[in-house]
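Visitor: Residue numbers (UniProt numbering), protein chains in the order written: chain A, 1 to 873; chain B, 1 to 90.
If you're looking for bench data, these hints aren't it; they were derived computationally from the structure. A quick note: this is a predicted structure, and the numbers were derived from the prediction, not measured. Worth double-checking, as some hints may not be accurate.
If you want a taste of the chain A side facing chain B, the calculated C-beta under 7 Å gives, among others [claimed, not checked]:
#, residue
1, Ala-488
2, Ala-492
3, Asp-632
4, Ser-838
5, Ala-839
Okay, the calculated beta carbon distance ranges per label pair [to be verified]:
#, chain 1, residue 1, chain 2, residue 2, range
6, A, Gln-640, B, Gly-22, 42 to 50 Å
7, B, Gln-82, A, Gly-816, 44 to 52 Å
8, B, Ala-34, A, Ala-854, 24 to 32 Å
9, B, Cys-26, A, Asp-280, 52 to 60 Å
10, A, Ala-95, B, Thr-39, 45 to 53 Å
11, B, Val-45, A, Glu-752, 34 to 42 Å
12, B, Val-45, A, Arg-138, 24 to 32 Å
13, A, Ala-272, B, Thr-39, 22 to 30 Å
14, B, Pro-17, A, Leu-167, 33 to 41 Å
15, A, Ser-91, B, Thr-35, 41 to 49 Å
16, B, Val-81, A, Ala-612, 28 to 36 Å
Glycine included, each C-beta is placed from N, C-alpha and C at the ideal position.
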Amino acid sequence: MDLLERDTHLEALHGWLEDASAGGGCIVLVSGEAGIGKTSLLRRFVDEQRQASRVLWGGCEALFTPHPLAPLYDIARQAGGEFAKVIAAASQREAVFNLTIEHLARTAAPTILIFEDVHWADEATLDLIKFLGRRLQRLGVMLILSYRDDELGTLHPLRSVIGDLPLGFDRRLHLLPLSGAAVAALAHAAGWPAQRLHELTCGNPFFITEVLAAADKVPDTVRDAVMARMTRLSAPARAVANLAALVPGKAERWLLEGILPTTAALLEECLAVGMTTLPDGALAFRHELARCAVEESLPPPQRQELHARILEALLQRPGSEIAAARLVHHADRAGDTAAVLRHAPLAAARAASLGAHREAAAHYASALRHAVSLPNETRAQLFEWRSYECYLTDQIAEAIEARGAALTLWRAGGNRLKEGDSLRWLSRLSWFNGQKAAAERYAAEAVAILEPLPRGRELAMAYSNSAQLAMLAGDAGPALEWGRKAIALATALDDTEILSHALNNVGTTKLIQLDAGGLEDLNRSLELALAGGYQEHAARAYCNLSSTGFRIRDFDRANRYFKEGIAYCEKQDLDSWARYMIAFRAATALAQGDWAQAAEDAQAVIEHSRVAPVTKIPALVALGRLRARRGDPGADSVLQEAWDLSLPTGEVQRIGAAAAALAEVAWLEGSPQRALAVLRLSAALAREHPDPWMKGEIAFWSWRCGDPAETANDIAAPFAAQIAGDWRAAASGWAAIGCPYEQAMALADSEEEDELRAALDIVERLEAAPMAGILRRKLRASGVRGISRGAQERTRQNPLGLTNRQMKVLAQLAQGGRNADIARRLFISEKTVDHHVSAILAKLEVRSRGEAAAAAYRLGLWAPENGERVAKK
Amino acid sequence: MPRYVIEREFPDGLNIPVNKDGAKTCLNVVGNNATDGVTWIHSYVSLDKRKTFCVYDGPNPEAIRRVATRNGLPVNRISEVQVLDPYFYH
Numbered sequence: 001m002d003l004l005e006r007d008t009h010l011e012a013l014h015g016w017l018e019d020a021s022a023g024g025g026c027i028v029l030v031s032g033e034a035g036i037g038k039t040s041l042l043r044r045f046v047d048e049q050r051q052a053s054r055v056l057w058g059g060c061e062a063l064f065t066p067h068p069l070a071p072l073y074d075i076a077r078q079a080g081g082e083f084a085k086v087i088a089a090a091s092q093r094e095a096v097f098n099l100t101i102e103h104l105a106r107t108a109a110p111t112i113l114i115f116e117d118v119h120w121a122d123e124a125t126l127d128l129i130k131f132l133g134r135r136l137q138r139l140g141v142m143l144i145l146s147y148r149d150d151e152l153g154t155l156h157p158l159r160s161v162i163g164d165l166p167l168g169f170d171r172r173l174h175l176l177p178l179s180g181a182a183v184a185a186l187a188h189a190a191g192w193p194a195q196r197l198h199e200l201t202c203g204n205p206f207f208i209t210e211v212l213a214a215a216d217k218v219p220d221t222v223r224d225a226v227m228a229r230m231t232r233l234s235a236p237a238r239a240v241a242n243l244a245a246l247v248p249g250k251a252e253r254w255l256l257e258g259i260l261p262t263t264a265a266l267l268e269e270c271l272a273v274g275m276t277t278l279p280d281g282a283l284a285f286r287h288e289l290a291r292c293a294v295e296e297s298l299p300p301p302q303r304q305e306l307h308a309r310i311l312e313a314l315l316q317r318p319g320s321e322i323a324a325a326r327l328v329h330h331a332d333r334a335g336d337t338a339a340v341l342r343h344a345p346l347a348a349a350r351a352a353s354l355g356a357h358r359e360a361a362a363h364y365a366s367a368l369r370h371a372v373s374l375p376n377e378t379r380a381q382l383f384e385w386r387s388y389e390c391y392l393t394d395q396i397a398e399a400i401e402a403r404g405a406a407l408t409l410w411r412a413g414g415n416r417l418k419e420g421d422s423l424r425w426l427s428r429l430s431w432f433n434g435q436k437a438a439a440e441r442y443a444a445e446a447v448a449i450l451e452p453l454p455r456g457r458e459l460a461m462a463y464s465n466s467a468q469l470a471m472l473a474g475d476a477g478p479a480l481e482w483g484r485k486a487i488a489l490a491t492a493l494d495d496t497e498i499l500s501h502a503l504n505n506v507g508t509t510k511l512i513q514l515d516a517g518g519l520e521d522l523n524r525s526l527e528l529a530l531a532g533g534y535q536e537h538a539a540r541a542y543c544n545l546s547s548t549g550f551r552i553r554d555f556d557r558a559n560r561y562f563k564e565g566i567a568y569c570e571k572q573d574l575d576s577w578a579r580y581m582i583a584f585r586a587a588t589a590l591a592q593g594d595w596a597q598a599a600e601d602a603q604a605v606i607e608h609s610r611v612a613p614v615t616k617i618p619a620l621v622a623l624g625r626l627r628a629r630r631g632d633p634g635a636d637s638v639l640q641e642a643w644d645l646s647l648p649t650g651e652v653q654r655i656g657a658a659a660a661a662l663a664e665v666a667w668l669e670g671s672p673q674r675a676l677a678v679l680r681l682s683a684a685l686a687r688e689h690p691d692p693w694m695k696g697e698i699a700f701w702s703w704r705c706g707d708p709a710e711t712a713n714d715i716a717a718p719f720a721a722q723i724a725g726d727w728r729a730a731a732s733g734w735a736a737i738g739c740p741y742e743q744a745m746a747l748a749d750s751e752e753e754d755e756l757r758a759a760l761d762i763v764e765r766l767e768a769a770p771m772a773g774i775l776r777r778k779l780r781a782s783g784v785r786g787i788s789r790g791a792q793e794r795t796r797q798n799p800l801g802l803t804n805r806q807m808k809v810l811a812q813l814a815q816g817g818r819n820a821d822i823a824r825r826l827f828i829s830e831k832t833v834d835h836h837v838s839a840i841l842a843k844l845e846v847r848s849r850g851e852a853a854a855a856a857y858r859l860g861l862w863a864p865e866n867g868e869r870v871a872k873k
Numbered sequence: 001m002p003r004y005v006i007e008r009e010f011p012d013g014l015n016i017p018v019n020k021d022g023a024k025t026c027l028n029v030v031g032n033n034a035t036d037g038v039t040w041i042h043s044y045v046s047l048d049k050r051k052t053f054c055v056y057d058g059p060n061p062e063a064i065r066r067v068a069t070r071n072g073l074p075v076n077r078i079s080e081v082q083v084l085d086p087y088f089y090h
């Protein structure tokens, strides 16, 4: 069948390839339902480009547990030579990824790199896509991904990969079914009733091909159409087709021949009914839908027998490397327990070393299904491995279940060391799952079991785990005590990994209590982690150094570690840690008055499909506060979600943050009593913990909302001052820290016109409409005249409607400042500068920075002699 | 996608001429909006041209503000709204 209604798609592909060759690279996402013609489109595109470009084509297969990096191995085979050899030999993820980049970078010609059917991709392939996507620019590669978008649930891992692709390089093609007119034309040519054909196929090109080729009369279903074509085969050819239907992807010629007499004539016969052969002689169905239809038409006992014969043939293949995932697939379906138990753990270990942890977890599950007769110790070990792989892939409930099964088995065998270590793991997993009480129970049990045994790593980790739980809950005493024990034992054992872990918990605890010694501990934890290559520990040190910086309002430190930490995590692909810091960066930007940055960071976190509650809560809190302060809709819903997520954590740092934000919204809306219940709950929680800033925030809002809190003296200074009525000290405190909105809120407590006007000035600059309204009412009520009407007042002062901030950016820009310099000088992010520059160019109706500078000078907005703005009136 | 009404104040009056330049101005706004998934449906302008009520579709209020900055347009208030059709009441 000709390629109908795909001309614009082809044109787009050719255009993008041209752009990519000139500009360095792009990613094309080709989506559409099964059978819609994604492969046909790409084949045609590649055929038309073959002269000009190098094409590397890899596909993912519908194995029950996909073979890690299957498309890359396809590609390596096509590329041949040295690359094929080194890729086959490499067994570590980093090595494989780097070799791939090197290979792609080496060729000058534009390369079309196709990953087909990535909705079936294993985790390592998805990571590779992310890895390549971030390095596209210097590779000159057009990366094409095809997938069935109707099979992606909201939690499908491909979604987050697509969401994380670098902005500005992605191009999208969504393939729609053929139009009624096209279907009618095809029906007419074949002498079919057009309406019936359309009803049956909904315009799906694969279905149409099958139905038109099926028989003389219209079949009832597409499956009938596929099967009708199969009935035309002779018995021996039918047997070959049936066998091929059990091999996802393609069935190699040697495999078929090893099981059935497969002559060229039989293959010819198969081709005639719509199967295809590949260049290497392998037999494949033209479409996965057809393969499934044939596979499902076979009676189960026959299927099982064929799987057993395929497995046997694969195992007899001399000197070849058959992917373990493939062996497991057929062994499992053949019901061959011994073979599953032999190959699944190997497949799992291979998958794990390549970073395909989801697939590793699935292989261990396959092994465990067949493992009933194995000795307890072996099974316990399998459960532990499965639990770890599940933990790495955010399948926490499954991780807990597997770890619990291992615990039962170790306990039955009397292995106390393993029992204690399993309990320590269960504690960590329960915390991840938001079950604080269970986490604490397991932690205590682990210590109780391990302490009487010879003192080793397991006990040191159990101590450090207890320290971590106490740190997270804000229980400083126990956190320091457990931490001290962990540090002593880790030092005695000379175990730098546990030492780094323990120092992190102790340092964070100290910092929150405003004990400067914590910084030293945390820095040492980071150094040990970086030196030892403990990536997760390094990421956690960066997270705690930066987020505590925010929590104790040390913004310089917070921002320094956000920058270093996010860069480190992005380089190591530790995305969830990077997101944790981005969430706290949103909170920091909000506090510092950089609201555009706060909005961007908060949205980036929230829009992500898989984000842990501990990360989502600060992002939601920042976004809710931002909306409330701007008077924008949607504050309540995000803060309610933050509150709901925070409660099960039982941790004051999260519950208190959500409560304070809810109180701020209620107060701005003039119904502060609405927040009293959440405030009382958090105040009771905060009372137990030495966290002066969190205590202060809750005390402040309780006071603001009319619930005179006990004015504890261990709360942070600006809050204490304002509660005591010394708004002047509070305002200068906030000004010194660099929190303009809080400074204005303190000034707003004044009765003096000057201070109220200063406050109004600040909130108008921030475009904080509700607070500006409150201040204007207060000024008018005290008899002050001539209050500006609205936030845009100041923009009137120059003819082009530039805001004050934009005037400042323009002045810097006119002096030749680059965005990075301007950002540093004005204490805003580069992205915010970028937004301002675009706005300035638009308002001045110019195209370049140079023209903007000239216009500014011409209009008298800026005088080059002193670099200052010239008053326009 | 949520719908918003955005109130904007133009103390010196809004003037978009009904000619090629006016069309270009509007298309420029539409283009700037598109990069953030924001759609300008239409606007109501007060007779003194000092205030507009703009009906927009957009993913969230932050996107509405981001494109406003890019377009150099003021934002005085954003309200999330839904349609009430009097003729659906019987």
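Visitor: Does each hint hold? Answer for all of them.
Guide: Evaluated hints:
Taking 7 Å as the C-beta contact cut-off toward chain B, the hint placing A/Ala-488 at the interface is violated, the least distance being around 49 Å. This hint is violated: A/Ala-492 has a C-beta 52 Å from the nearest C-beta of chain B, more than the 7 Å allowed. At a threshold of 7 Å, the smallest CB-CB gap from A/Asp-632 to chain B is about 4 Å, leaving the interface hint in force. The interface hint given for A/Ser-838 holds, since its Cβ lies 5 Å from the closest Cβ of chain B, which is under the 7 Å cut-off.
This hint holds: A/Ala-839 has a C-beta 5 Å from the nearest C-beta of chain B, less than the 7 Å allowed. Judged by the Cβ atoms, the range 42 to 50 Å given for A/Gln-640 and B/Gly-22 holds: they are separated by roughly 43 Å. Judged by the Cβ atoms, the range 44 to 52 Å given for B/Gln-82 and A/Gly-816 holds: they are separated by roughly 49 Å. As the Cβ distance of B/Ala-34 to A/Ala-854 is approximately 29 Å, the hint placing it in 24 to 32 Å holds.
Remark: the range hint 52 to 60 Å for B/Cys-26 to A/Asp-280 is upheld by a beta-carbon distance near 58 Å. Against the hinted window of 45 to 53 Å, the Cβ-Cβ separation of A/Ala-95 and B/Thr-39 comes to about 47 Å, which satisfies the hint. Between B/Val-45 and A/Glu-752 the C-beta distance comes to about 40 Å, which sits within the given range of 34 to 42 Å. A C-beta distance of roughly 49 Å is found between B/Val-45 and A/Arg-138, which places it outside the suggested range of 24 to 32 Å.
The hinted range of 22 to 30 Å is not satisfied by A/Ala-272 and B/Thr-39, whose Cβ atoms lie roughly 52 Å apart. Taken as a hint, the range 33 to 41 Å holds for the pair B/Pro-17 and A/Leu-167, whose Cβ atoms sit roughly 35 Å apart. A beta carbon spacing of about 43 Å between A/Ser-91 and B/Thr-35 agrees with the range 41 to 49 Å that was offered as a hint. Taken as a hint, the range 28 to 36 Å holds for the pair B/Val-81 and A/Ala-612, whose Cβ atoms sit roughly 34 Å apart.
Of the numbered hints listed earlier, those contradicted by the structure are 1, 2, 12 and 13.
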